[in-house]
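As a plain string of letters, each chain reads:
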Amino acid sequence: MSAAAQIGDLSFVHQGAGLPALDHVSLMVPAGESTALLGPSGAGKTTLLALLDGRLRGWRGRVSVLGAPLDPDHPPSRASRPDIGFVFQEFALVERSSVLRNVLNGRLGRMSPLRAALGSPLPRDLEVARAALADCGIADLAERRVDSLSGGQRQRVAIARCLAQEPRLILADEPVSNLDPARAAEILTLLTGAARARGATVLFSSHQPDLARRFADRIVGMRDGRIAFDVAVGDLSDVATADLYRETTALPAIGLRAVT
Amino acid sequence: MRSRGFGGFAAGALVAGAVLWSFATTDVDLSRLLSAGPRIADFLGRMVPPDPTVMNEIVKGSAETLRIAILGSLGAVLLSVPLGILASETMVSPALYRPVRTLLAFIRAIPLILVAMLMVGAVGLGPLPGIIAIAFHATGMLAKFYAEAIDGVSRAPIAALESAGAAPLAQLRYAIWPQMAPVVARDTIFRFELNLRESLILGIVGAGGIGFYIQTYVRSFQYEKAASVTLAVIAMVIAIEGINVALRRRFA
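Line by line, the protein sequences are chains A and B.
Taking the working numbering as reference, the numbering of the first sequence is continuous, increasing by one, and the terminal residue is 269.
Taking the working numbering as reference, the numbering of the second sequence is continuous, increasing by one, and the terminal residue is 262.
Just so you know, these hints were derived from the structure itself, not from any lab.
Some hints here could point you the wrong way.
[Stated by the list, open to error] The calculated label-pair distances, taken between Cβ atoms and stated as ranges, are:
id : chain 1 : residue 1 : chain 2 : residue 2 : range
1  : B       : P92       : A       : L28       : 37 to 47 angstroms
2  : B       : L179      : A       : P49       : 33 to 43 angstroms
3  : B       : E158      : A       : S73       : 41 to 51 angstroms
4  : B       : E158      : A       : P122      : 27 to 37 angstroms
5  : B       : T112      : A       : A143      : 52 to 62 angstroms
Glycine residues also receive a C-beta, built at the ideal position from the N, C-alpha and C atoms.
The task is simple: from the sequences and hints, build the whole structure.
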């Protein structure tokens, strides 16, 4: 089994924070599968995903994504970035631009800088963008402005933008936490389905065990910046899941008492 | 609440003192004050009927005022782009944007008419001192607005484009500019409207435009002509206000 991402002894402390957000994490994300990062808020899921996307500096450990090692001190090369797609929790769309323009923005990394800044999209860029819109079921919204859309529609646009990048690895940070359960299931069906059709790997985070069970092949439990378990979906026990969400232990409780 | 009661008393005494001081030291004798009403009525009476033969001067003066407002606004935009970037919290360090913001506040604090008088002294009569004065004065506000437009840009879409591999120029065009453009357009139009309105009176200090004729006619006792020009200015202010209301509705 080949790895889409390989992480060895990774630690990271956010600037000004005392406790590490990631504490000696080792993990292998298998290529071509769908992996869920499950855990409560503050477990380090968002940090791990941003780090894999090449957005964090100053970590320690060994990380390679799609076979290329990440440098803790320098951002990854621009050329390598379209291969890794990212779906943001808050969508991160340009509100006043059209749906099609937002999806075409996903193509910018595949164009020469000059064409990206000054030129118009090539027929191939438009073709990929239209296909992504169709796959996300929003072809009819192409000309609408994003600020006129609902939350579920916005997340479809964000996923279409990610697919337009033609990524080999899709990282999704709590992609459905802002949506109602029916909408959430639709979006995850769409995301994992589109990725499978393209042979892309998915790593998504969630704090909802039922969604992780339903849409992932593999589930990685995280708590306090550490990996609690890393199992195939069939092997996930209710005990392990419950333990992930148990009451926080001594340290924060003492802190809380000191404050009140 | 004892201290507050004292504070209220002190403030009242201060205001009373200021009013008494103004009365005592300004040479306003009662008979002159009482005759001011009739005199103003008499003055206004001499303005009637407005003399319509100054239509040429009105058109010429208005055109010059419009040119001063346009060129002054252009100057303000050109100055405000770099200064707006330098006054932005998100683009430069506090060591730079704090002094730049103080400078802009200082510029805003100087009345336009004072700047215009100084410029007339510096470069002579005519529209040029008016253009320079408008450009300088308007930059104090416009650069601050531009800085706020830059700082109001949401970072998330920029991060998303960077994550997708978009080069900085592409980020500027597709994530930053679409967010800024409507704000910049609205603020620039708003400032142009103020510039047009304020440049109507610049001629009074010799800095060009229609105000020049008001000053000339009043000083040469041609009140009927002064009345026509004044009415024209009032009509233009109302027209500008109307256009402004219509534009604001579009940007709302």
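Note whether the CB distance of L179 (chain B) and P49 (chain A) lies within 33 to 43 angstroms or breaks it.
Once the Cβ atoms are compared, 41 angstroms apart, the range 33 to 43 angstroms for P49 (chain A) and L179 (chain B) holds.
With respect to the beta-carbon atoms only, verify the hint that E158 (chain B) and P122 (chain A) lie 27 to 37 angstroms apart.
29 angstroms, holds
I want to verify a distance hint. Is the separation of the beta carbons of T112 (chain B) and A143 (chain A) within 52 to 62 angstroms?
Since the Cβ atoms of T112 (chain B) and A143 (chain A) sit about 54 angstroms apart, the hinted range of 52 to 62 angstroms holds.
41 to 51 angstroms was suggested as the range; check whether the CB atoms of E158 (chain B) and S73 (chain A) agree with it.
At 43 angstroms between Cβs, range holds.
Starting from the range 37 to 47 angstroms, see whether the pair P92 (chain B) and L28 (chain A) falls in it by beta-carbon distance.
43 angstroms, holds
Figure legend: structure checked against the earlier numbered hints; every hint is met.
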